[in-house]
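Here the protein sequences come in this chain order: A and B.
The first sequence begins at 12 in the working numbering and counts up one residue at a time.
The second sequence begins at 13 in the working numbering and counts up one residue at a time.
Source of the hints: derived by calculation from the structure; they are not laboratory data.
You can trust all of the hints, since none of them are fake.
In silico BS3-like cross-links for lysine-lysine, where the CA-CA straight-line distance does not exceed 27 Å:
#, chain 1, residue 1, chain 2, residue 2
1, A, Lys236, A, Lys225
2, B, Lys240, A, Lys376
3, A, Lys338, A, Lys376
4, A, Lys249, A, Lys236
5, B, Lys228, A, Lys376
6, A, Lys226, A, Lys236
The following residues of chain B were derived to be distant from chain A, with all beta-carbon distances above 10 Å:
#, residue
7, Glu84
8, Glu91
9, Glu117
10, His118
11, Asp129
12, Gly203
13, His209
14, Leu212
Here are some of the chain A residues that sit facing chain B, going by a computed Cβ distance under 8 Å:
#, residue
15, Glu95
16, Lys96
17, Val389
18, Tyr390
Quick caveat: nothing in here was measured; it's all calculated off a predicted structure.
Just so it is clear, CB atoms sit at the ideal spot from N, CA and C, and this is done for glycine as well.
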Amino acid sequence: MTTHATRPAGARETTEGTVYTVTGGDWDEVAREVADRADDEKIIVNMGPQHPSTHGVLRLILEIDGETVTEARAGIGYLHTGIEKNLEYRTWTQGPTFVTRMDYLTPFFNEAAYCLGVEKLLGITDDVPDRASIIRVLLMEINRLSSHFVAFATGGMELGASTVMIYGFRDREVCLDIFELITGLRMNHAFIRPGGLAQDLPPGGIDALREFVKKMRKNLPEYDKLCTGNPVFKARLKDVGYLDLTGCLALGATGPVLRSAGLPHDLRKTDPYCGYETYDFEVPTTDTCDSFGRFLLRLEEMHQSLRIVEQCIDRLAEPGPVMVADKKIAWPAQLALGPDGLGNSLDHIRNIMGTSMEALIHHFKLVTEGFRVPPGQVYTAVESAKGELGVHLVSDGGTRPYRVHFRDPSFTNLQSMAAMCEGGMVADVIVAVASLDPVMGGVDR
Amino acid sequence: MSGDEQVNGNTSTSGPPAQRADAGEPIARRRGMFGANNGGDTTGYGGLTRTVHMPGASSRPYGGYFDEVADELEGALEEQGTDPEAAIERTVVDRGEITFHIAREHLPQVARTLRDDPALRFELCTGVSGVHNPHDTGRELHAVYHLRSLTHGRLIRLEVSAPDSDPHVPSIVDIYPTNDWHERETYDFFGLIFDGHPALTRIMMPDDWQGHPQRKDYPLGGVPVEYKGAQIPAPDQRRSYS
Chain A
12 MTTHATRPAG ARETTEGTVY TVTGGDWDEV AREVADRADD EKIIVNMGPQ HPSTHGVLRL
72 ILEIDGETVT EARAGIGYLH TGIEKNLEYR TWTQGPTFVT RMDYLTPFFN EAAYCLGVEK
132 LLGITDDVPD RASIIRVLLM EINRLSSHFV AFATGGMELG ASTVMIYGFR DREVCLDIFE
192 LITGLRMNHA FIRPGGLAQD LPPGGIDALR EFVKKMRKNL PEYDKLCTGN PVFKARLKDV
252 GYLDLTGCLA LGATGPVLRS AGLPHDLRKT DPYCGYETYD FEVPTTDTCD SFGRFLLRLE
312 EMHQSLRIVE QCIDRLAEPG PVMVADKKIA WPAQLALGPD GLGNSLDHIR NIMGTSMEAL
372 IHHFKLVTEG FRVPPGQVYT AVESAKGELG VHLVSDGGTR PYRVHFRDPS FTNLQSMAAM
432 CEGGMVADVI VAVASLDPVM GGVDR
Chain B
13 MSGDEQVNGN TSTSGPPAQR ADAGEPIARR RGMFGANNGG DTTGYGGLTR TVHMPGASSR
73 PYGGYFDEVA DELEGALEEQ GTDPEAAIER TVVDRGEITF HIAREHLPQV ARTLRDDPAL
133 RFELCTGVSG VHNPHDTGRE LHAVYHLRSL THGRLIRLEV SAPDSDPHVP SIVDIYPTND
193 WHERETYDFF GLIFDGHPAL TRIMMPDDWQ GHPQRKDYPL GGVPVEYKGA QIPAPDQRRS
253 YS
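Only chain A is shown next, with the shape it has when bound in the complex:
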């Protein structure tokens, strides 16, 4: 493609009118040329699918009249990877490896929702060891922190507040370090498994977690200082992306979007799972229905998450199993890092290869065939950082899921983009979408 100093990068005539390709920095020229040629001011702008101000590969189709958006539509599907279909060709235990990649900023929520569903289908919900549930809660809450950090960071970047971006990613990195310590991976962990967890906490994990809480207690107020009272930040966010309670419920918006309309709906309180009813925390709300309210809400949620993390750390003093006792479900893996950098369980290998043929057969059957799940269907939902993450699981009694459907909160929340943006300014579209915090990996799956 050639660029020209005075003309836009590309223009071609179609049956629908002239189509301009805008590459950045040439908007003024395009606008001037269009204004000269067109008999009305109305133009349609394709924002994306790859635009830095849209979270990932999202395409926004805006009909604008001057600076006002008259109609807004979202085009999605650019990141569809067929994860739900793929799951039908893997065993139940292989599932977490796939679902963790859906909304890649909230991997633990995806894994937890899926595993809670499998456990419910198996009827072993009450058999999951306490320690496994505590570590699940711990990971989910740290994940809420890291997801909200990215929401601030990308949202800030889109406003031109690059300090917020740097701070957000700096603190997210601290969260990811904890994930790496506990699971071995920064993202795509596949750590929560049907029946419990892949591993217990590593040595030194508790100390690292305490250090983490201390650091977060110091860093979180910085966002308050940087943004909450900042007049530019407030001017850009206040009364932008307005969606009231009626709109939220009609459009199915959940999470911070719903709570910014004043309804303290949080599945951790209304429909507790993983023992959330035993933790002490608040569900913050605001009644401003706008982007600024959602920002404040996320910030307060992070403080509450830290409270939960602290309670988890205290409860983890007691050692215990992290996987159900049923050997027909639990994988025989307590892996240790070998000198080759790969995880392996030498004791287990010695057992199955050297001493017990039954154990070898059992291992082989469990790993290649997997366990069977009685026929039926369940719906389990967790309160992810973005809202209600629901999983509809259907089993036909086989070793593989018959159907897995994820009701991703980003997908549903993104629908409300049109309601938030129509009638507003073009620049506010970016703020409104950022306040929804959609992640296209979750939207498109």
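Since the structure of chain A is provided, determine the placement of chain B on it from the hints.
Below, chain B alone, put in the same frame as chain A:
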């Protein structure tokens, strides 16, 4: 979910439901053990047959808040002059969840009643999920809705089925606007046509895509890959344990 023990009509009261009993709704028959459906079976398990039963209809009492929801729904439908027996084909309570199987022509009325009746108030619909049972003749395609009542703290499931030969289900976008994208997704993946949807177009797949990928007769695809010297077939070509 209520912590109460749910009384299931035909299986045990708690824990995993009875496995592979003859009770329940048969949806398919499986043969053999290793999923070898083409060519000769050398495993010796070729004669094995298994009927897949989904949990069957439950009888009263359903337990927990389920009876109240069922009573209110039946009462409200009767008030509107609809025979509840015709609208609700069967009610299944399984694993602490209640499922109302709704005759498809009655879906909009049932959904509207569930949303508007003060004793029911299911304000939030969490979308629709499709299921394809190719061997359940006459009921191949299913649309599954989960409704949440924030007022009463309840969750129920509606299930509607349609045959492959007539894949039509009424849209409930005018009742729950959130289902706009969800119904488009289910149409895209299963070919279920939601009558009355304002713009039923593909949402995930490209507009000119052929076929509906989540149907069971649509292959997963993939290519064999080499791993440590061996050829590993594509995922849908590997041995499976049906």
